[in-house]
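Just so you know, the protein sequences line up as chains A and B, in that order. Residue numbering for the first sequence follows full-length UniProt numbering, beginning at 1 and increasing consecutively. Residue numbering for the second sequence follows full-length UniProt numbering, beginning at 1 and increasing consecutively.
Misleading hints may appear alongside valid ones.
What the hints assert, rightly or not - If you only want the chain A side, here are some residues facing chain B, beta carbon under 10 Å, derived:
1. I26
2. L157
3. T160
4. I325
5. G345
6. A350
7. M351
The set of hints was computed from the structure by calculation and includes no laboratory data. Note that beta-carbon positions come from the ideal geometry of N, C-alpha and C, so glycine has one too.
2 protein chains.
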Amino acid sequence: MAIQVALVGTGLVGSAILSQLALPTIAKHAVLVSVSNSKRTVFSPNGISLPLAPDFVQTEGTVLPLSQLVSQLHDIKAHATKTVLIDSTASSAVANAYPEILRAGISIITPNKLALSSSSALYNSIQSALEADPSIRLLHESTVGAGLPIISTLNDLVKTGDKVKRIEGVFSGTLSYIFNNFSPAVLHDDPAKFSDIVGQAKRLGYTEPNPHSDLSGSDVARKLTILARLLPETPIPLPEGYLSVPTSSLSPEGLETLDDGDEYVRQLKESDAEFEEMRRRAEEMGQVLRYVGVVDAEKCTVHASLETYPVTHPFATSLGGSDNIIAFHTERYSRPLIIQGAGAGAAVTAMGVMSDLLKLV
Amino acid sequence: MAIQVALVGTGLVGSAILSQLALPTIAKHAVLVSVSNSKRTVFSPNGISLPLAPDFVQTEGTVLPLSQLVSQLHDIKAHATKTVLIDSTASSAVANAYPEILRAGISIITPNKLALSSSSALYNSIQSALEADPSIRLLHESTVGAGLPIISTLNDLVKTGDKVKRIEGVFSGTLSYIFNNFSPAVLHDDPAKFSDIVGQAKRLGYTEPNPHSDLSGSDVARKLTILARLLPETPIPLPEGYLSVPTSSLSPEGLETLDDGDEYVRQLKESDAEFEEMRRRAEEMGQVLRYVGVVDAEKCTVHASLETYPVTHPFATSLGGSDNIIAFHTERYSRPLIIQGAGAGAAVTAMGVMSDLLKLV
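Let the sequences and hints guide you as you build the complete structure.
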C-alpha cells in the first residue's frame, strides 16, 4: 500500500519536493495527503493531485495548527500502512514537535537540521520516541550534503561493524565557493578581495540573506553535531548540540548585529587585509585555505575552523563551485572513502528527501 | 519479523558476510537459515548460530543441489515475511538460476556480477520475474565499487528524475593499483617496469590468480554493463552483455591462453618497452595513464580503455592504493558527483551486501 505523505514547508525545497513527488517512479509509492506552510494547510485524505499550482495552499488551504494536523494524520493512519511528515521548513516550532509527531505513529523525513543539532534534551526525547516504536523512522539524508549519500554511508559503515576514526570535510557549500575562489590551488595574478567574493556569493544566492549566518560557521557546526551523534559509543560531549562544537567564526566582531546583508558586505571590507594576510601566509607554504569540519572519534573531539591544506590535497585540487567533500577515515577504509558534489540547492536537497522516502516504501 | 537469509558461497567474501551477519545491528533483523558451498549445504529453518566455525559446512552439511535448496527455502517462506538468497559465488550456474529463484518468491542480494552483465536474454528473464512480483527484490550494491554507494546513488538519481549524462571512472581496483604505481602524477627517478608492478599486485593478492583476467578489461566491461542497464530509456545496445562493450585489452596477444599466472607475468616482460613508451608519451604531455570505463548516455556509447588524464585531474591526483573513483555527470550535478574509495576486498564487499540487506528489512 502506498505511503501517505504530509509536506510542511512550501519554499524552494518544498516546491522541488512537490515536483519530485509527481514523478511516476515516486507517485506509485506515495500519496500526498497534506501540504502546509506557516499560514495554511490543505488536507485531503484521498490524495492531492500533483503537480500543484504554486499558490494552491494560499487559495485552497485552511488555518490548521501543527498539533491538529498531526492528530488528523494520526486518525487517517489506521487505514494506511505508513504515514510520513516531510519537514522542509527552517522552523524550530516544527523541530520541537518531532517527539509528539513520532509518538503519534508518524515517521519524519527532514532536510531541516534544527531538531537533530540542538540540545541533547530534544535529541534524547526524539530517540526515546523512536525506540518506543521500531516501525517509526526519522530519516534525514539531506541534512548533510543535500543529495549526497553521506548519512546513509555513515550508517552503513557503523551498522556493518566498521570503526569510524575520523570524518573530515568541507560541509558548507557557501564557504566552499568563497574559499575555492579566494584561495584557489593556482592563484590568479590579480586575486580578488575577500569581501568582493562574499558579495559575489551573495548575489548568486549562495549565502543566506545576511552572510553572517554562513561566515559564523554555525551551519557547519550543526552538520558536525548530526554526524557525531550517529557514531556509536563515542562519548563526544554535545549537551547543547551545535553550540557545544568549538567553532571559529569568520564574521568580524561587531558585525553580527547588522540586520542588512548589503551593509554587512560593505563593512566586511575592513577585514580584507586580515584575510589577505592569511592567504599570503598559506601561499608561502604551498597551501590553500579551506573552512572544514572534523569529527575525530579517536580523540573524541569535534571542531569547525579555517585550516590550511597543501595545494596537492583533494580539498585544494578537486573542489570547485559550491562543492561539498566529505572523507570518512575508518578501520576498513584506511585510504578514505570520499564523497563529493554539490551540497546545496533545492533539487539536490529534494533528491535526498526522496531517497529517504524510497527507503520507507 | 526477521528476514530469512540463505548464503551460497563460503569463500573470502562469504566468510566476511558470515561475520557481519553475526553483528547485533544485523542479527536482530536477519536469521541465517542456510549456508552452502559448491559441495554441501547446511539447512536449518530455525536458524544457524553465528559465528560459524570455518569448516562448518564441510563437516555438518549434506549434498543439496541448488534447485532443491530453492524449493526448501520456498517451503519455509510461508511462515516468514521475507527470504533472501545471498550469492557470494562466482558461479554461472547460480547466476543462471536467478529467474527460478526469484519466481520462487525469494529475493536475491549479490556481489556476483555474472547474472547482470551477461546476455540480455538472462537479464530480461530476471526483469520479468521481478516485475511479476513487486515484493521480490534483486539488490547488487557490491557488484560495482564493493561497499561504495554506487548503485544506490545511480538509482536515487534516476528515480528522482535527474538525467544522467555520463558515468566515468576507474572501476577496477587492480588496474587502479597498477596504473597509480606505473604512471603516478609525480614520477619517480627510477620508474618501475610494468611487468614488475603487475607481479607486485599479484603477490599482494590484488589480481586474480592469472592477471590476464584483470588486464583483459572484462571486469570493467561487466561493471559498465550493469550501470548502463540501470539507465532508463537509454538505448545503449548490449545484447551480449559485457561482450558487447568495446574493451581495450592490455593483455598481450598470445598470453591469454597461459594457465600459469607466474609464467604470465614472466612473459609480460616482453611488453614492458611498449608500456614504457605509452607512459613516456603521456608524461611529455603532462598526463598520466588510467584504465577507465565510460557510460555515455548522450552519445549512447559504452567503452573500457586506457586513457590519458592531465596530472591535475582527480583521476591522477587523488587516487592511491587500489581505489575506485566514479564520477556521475548529470543535469543536476553539472560539476560531477564523485565517490571514491577502496573498491575491492572482502570486508568492504560484505558491507555492500549488508547495506542491501538493511534495505530489505
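Structure-based check of all given hints:
1. I26: Holds - the Cβ of I26/A comes within 10 Å of chain B, reaching about 7 Å at its closest.
2. L157: holds, 7 Å
3. T160: With Cβ-Cβ at 4 Å, under 10 Å, it holds.
4. I325: holds, 8 Å
5. G345: holds, 8 Å
6. A350: This interface hint holds because 7 Å falls under the 10 Å limit.
7. M351: holds, 4 Å
Checked against the numbered hints given earlier, this structure breaks none of them.
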